[in-house]
Amino acid sequence: MPTKRHAASTTSATPSTPTTPTPKPLSSGPATLKTNASAAEIAQHVWQQYATTTPQRTLLLDAFMAFLVLVGGLQFLYCVLAGNYPFNAFLSGFSAAVGQFVLTASLRMQTSDSGATSKPSSKGKNARFADEQGEEQRTGYSHERAFADYIFGSLILHFFCINFIN
Amino acid sequence: MRWCLALLVCCFLAAVNALSSSGSRLLAVLEDTEQKSVYSTLWADLEARGYDVSIESPKSEQLSLFKHGERAYDHLLILPPKSKGLGPSLTPKHILDFMNKDGNILLALSGKSPTSSAVSSLLLELDIHLANDRSAVVVDHFNYDTLSAAEKHDVLVLQRPGPLRPDVKAFFDGEGVLALPRVAPQTLGSDSTLLAPVLKAPATAYSYNPKEEMPAADDILATGSQLNIVSAMQARNSARFTVLGSVEALEDKWFSASVKTPSGEKTTTVNREFAKQLTGWAFKETGVLKVNKVEHHLATEGAELNPSIYRIKNETVYNIEVSEYVFDKWVPFEVPGEDELQLEFTMLSPFHRLNLEPTSRTETGTVFSTKFITPDQHGIFSFRVNYKRPFFTNIEEKHEVTVRHFAHDEYPRSWAISGGWVWIAGLWSVIGGFLAFVVVWLYSAPVADKVKKTQ
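Chains as they are written, first to last, in full-length UniProt numbering: chain A, 1 to 166; chain B, 1 to 455.
No lab work stands behind these hints, which were simulated from the structure alone. The beta-carbon is built from N, C-alpha and C at its ideal position, and this holds for glycine as well. Be aware that one or more of the hints could be misleading.
Taking beta-carbon pairs under 8 Å as the criterion, some of the chain A residues facing chain B (in silico) [unchecked claim]:
1) Arg57
2) Leu60
3) Gln75
4) Leu81
5) Ala82
6) Ala89
7) Phe90
8) Ser92
9) Ala96
10) Gln100
11) Ile151
12) Phe152
13) Ile156
14) Phe160
Anything over 12 Å on all C-beta distances counts as not near chain B; from chain A, calculated [claimed, not checked]:
15) Lys34
16) Ala37
17) Ala40
18) Ala43
19) Tyr50
Beta-carbon label-pair distances, calculated as ranges [as the list claims (entries may be wrong)]:
20) A:Asn163 - B:Asn306: 44 to 52 Å
21) A:Ala66 - B:Ala299: 51 to 59 Å
22) A:Ala66 - B:Trp421: 21 to 29 Å
23) A:Leu70 - B:Arg404: 37 to 45 Å
24) A:Leu70 - B:Ala303: 46 to 54 Å
25) B:Pro375 - A:Ala82: 20 to 28 Å
Okay, chain A solo, but in the shape it has when bound (with noise of 0.2 Å):
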């Protein structure tokens, strides 16, 4: 059912941005992907999808959320299994973790709507947005602006951390 209307949507997508070298891959995606494959098969076309149409910021973004899970997850389990003294270093240290990602997250939501119109698959009403891409760009913020929020807003978390941590 998804790949279906993936399908659907992609053939519908694509005359419209014609020149971006990134949704080439993507036309040819559903054509690799048989309506009864199995579970493996389509766990790496959408890895293959994630890869090819991701842009390098989106990807760089996700890399370091990925990064910041492992990271509070290993303080998460160490705290587990060999207790949480000192806590106050625990609460630092992990709560810097969770809440640089929580940063992550939201300049990844201000900063890939722009790529949602390279990523055609994400909504239906991507063809008004494909349209009035300018628009999109004078209502939210600018990246510059999002990017500069999210370094005001780390510096403040790592301050408070490292006072925490004592």
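Starting from the known structure of chain A, fit chain B onto it as the hints suggest.
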């Protein structure tokens, strides 16, 4: 003004001359003043030890235990009256008031004549009970003096008592035998911690009224070592009340009489020595404890002495110097055998109860000390030493201190605790990752943008 000063100096002089730790004015109440000569050695011994002995008849008009609301005497020695009471100035209430004002009392009884009802009711106030008919004597068919009581067996010949318990100091022990003629037995109430037996009757003794033909079996209140010949009561204010069952033991003729037990050989009694021990204890010449000084401070070098505030988990040192009075001088106090002097660090209930160890010794006192870590609980605490033992005066020291919690800058830094290194590493890896991300983001920016812009 000048005479006032002179009086003060006189008082100080009197205090200096006094050998007892609590004054030298001794009132001996003797009904028949002609009997004074019977106890002449006792009076001489007491005066030689520094007492100011005044002998009065209980019937005397001017006899009063109090003067201007204060004690007129420091100690009271009551010899048994033959009449019914001790007179209007020595009612049980007066005598208890005298004790409440720290006066010491030695009360002698005699089995020769019935004990007066006034004395009996006084003893009842202190939970010391006399035999019902009040004219009983202690008889022992195994430990009697064959020379003077071959028929009646009512002159007991006993060893001097050892320690009451292994953890109680023996004040009345020693070599030699005591002769105790015609003892009026006492029994002690079982639920008073202030009472202690000094000398118990031997297991073979029993109480017997010589005026009755046969003792009724169901009348017997106590036998054997349940009967006390000498008993002591020390009130909460450390005033002492001693009951001696046999007043005749203090007479001159028994001080160095020759006695012979059925099994033993002829020996001389040590009543005189025992009388010294007994009067010495009763009038606070022995068994008096004094706290010279109390010091507490942090265990660090050069810490402030007796601070009013401590922090939780501080290592603290507590020192207390205790002296014991022995007849005429203060000597270093030694805790008896199996006993311990203990310190409590308490807030409502003790958080620590620690044994104090003797660490050093001055000329007159032993310094007991201990070292401990204040509990992980802030509040108003007190250092308490509460030492209440039979035959010793009470020590009750209480010093209040505040125990505060850690100040914000007194906690150990995270890096000082190895357990926190993982989280420190986690925090800095997040920050490092953030910086790397920012750099890569800025470098990766133009390409994607340019594509978009061109488009």
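The hints, checked one at a time:
Here the hint on arginine 57 (chain A) is kept, as its CB sits about 6 Å from the closest CB of chain B, short of 8 Å. Here the hint on leucine 60 (chain A) is kept, as its CB sits about 6 Å from the closest CB of chain B, short of 8 Å. For glutamine 75 (chain A), the interface hint holds, since its Cβ comes within 8 Å of a Cβ in chain B; the closest pair sits about 4 Å apart. About 10 Å separates the beta-carbon of leucine 81 (chain A) from the nearest beta-carbon of chain B, more than 8 Å, and the hint is not met.
With a least beta-carbon distance of about 6 Å to chain B, the hint placing alanine 82 (chain A) at the interface is held under the 8 Å criterion. For alanine 89 (chain A), the interface hint holds, since its Cβ comes within 8 Å of a Cβ in chain B; the closest pair sits about 4 Å apart. Interface restraint check: phenylalanine 90 (chain A) against chain B, minimum CB-CB distance 5 Å, threshold 8 Å, status holds. Evaluation of the serine 92 (chain A) hint against chain B yields a held restraint, the C-beta minimum of about 6 Å falling below 8 Å.
The interface hint given for alanine 96 (chain A) holds, since its Cβ lies 5 Å from the closest Cβ of chain B, which is under the 8 Å cut-off. The restraint placing glutamine 100 (chain A) at the interface with chain B holds, with a minimum CB-CB distance near 5 Å, inside the 8 Å limit. Look at isoleucine 151 (chain A): its Cβ gets to within about 7 Å of chain B, closer than 8 Å, so that hint holds up. Given hint, phenylalanine 152 (chain A) at the interface with chain B, is violated; its Cβ is 12 Å from that chain's nearest Cβ, farther than 8 Å.
For isoleucine 156 (chain A), the shortest C-beta to C-beta distance to chain B is roughly 12 Å, which exceeds 8 Å, and the interface hint is violated. A cut of 8 Å between beta carbons decides the hint on phenylalanine 160 (chain A): the least distance to chain B is about 11 Å, and the hint is violated. The claim that lysine 34 (chain A) lies off the interface holds: its Cβ sits roughly 33 Å from the closest Cβ of chain B, which is beyond the 12 Å cut-off. With a cut of 12 Å on Cβ distances, alanine 37 (chain A) stays outside the contact zone with chain B, its closest approach being about 31 Å.
Once the 12 Å rule is applied to beta carbons, alanine 40 (chain A) is consistent with being away from chain B; the minimum gap is 31 Å. The Cβ of alanine 43 (chain A) sits about 27 Å from the closest Cβ of chain B, beyond the 12 Å cut-off, so the non-interface label holds. Every CB of chain B lies more than 12 Å from the CB of tyrosine 50 (chain A), the least distance being 16 Å, so the non-interface label holds. The given range of 44 to 52 Å is broken by asparagine 163 (chain A) and asparagine 306 (chain B), whose C-beta atoms sit roughly 38 Å from each other.
A C-beta distance of roughly 52 Å is found between alanine 66 (chain A) and alanine 299 (chain B), which places it inside the suggested range of 51 to 59 Å. Between alanine 66 (chain A) and tryptophan 421 (chain B) the CB atoms are about 24 Å apart, so this pair conforms to the stated range of 21 to 29 Å. At about 43 Å, the beta-carbon gap between leucine 70 (chain A) and arginine 404 (chain B) stays in the expected band of 37 to 45 Å. The given range of 46 to 54 Å is respected by leucine 70 (chain A) and alanine 303 (chain B), whose C-beta atoms sit roughly 50 Å from each other.
Between proline 375 (chain B) and alanine 82 (chain A) the beta carbons are some 26 Å apart, a value that agrees with the proposed interval 20 to 28 Å.
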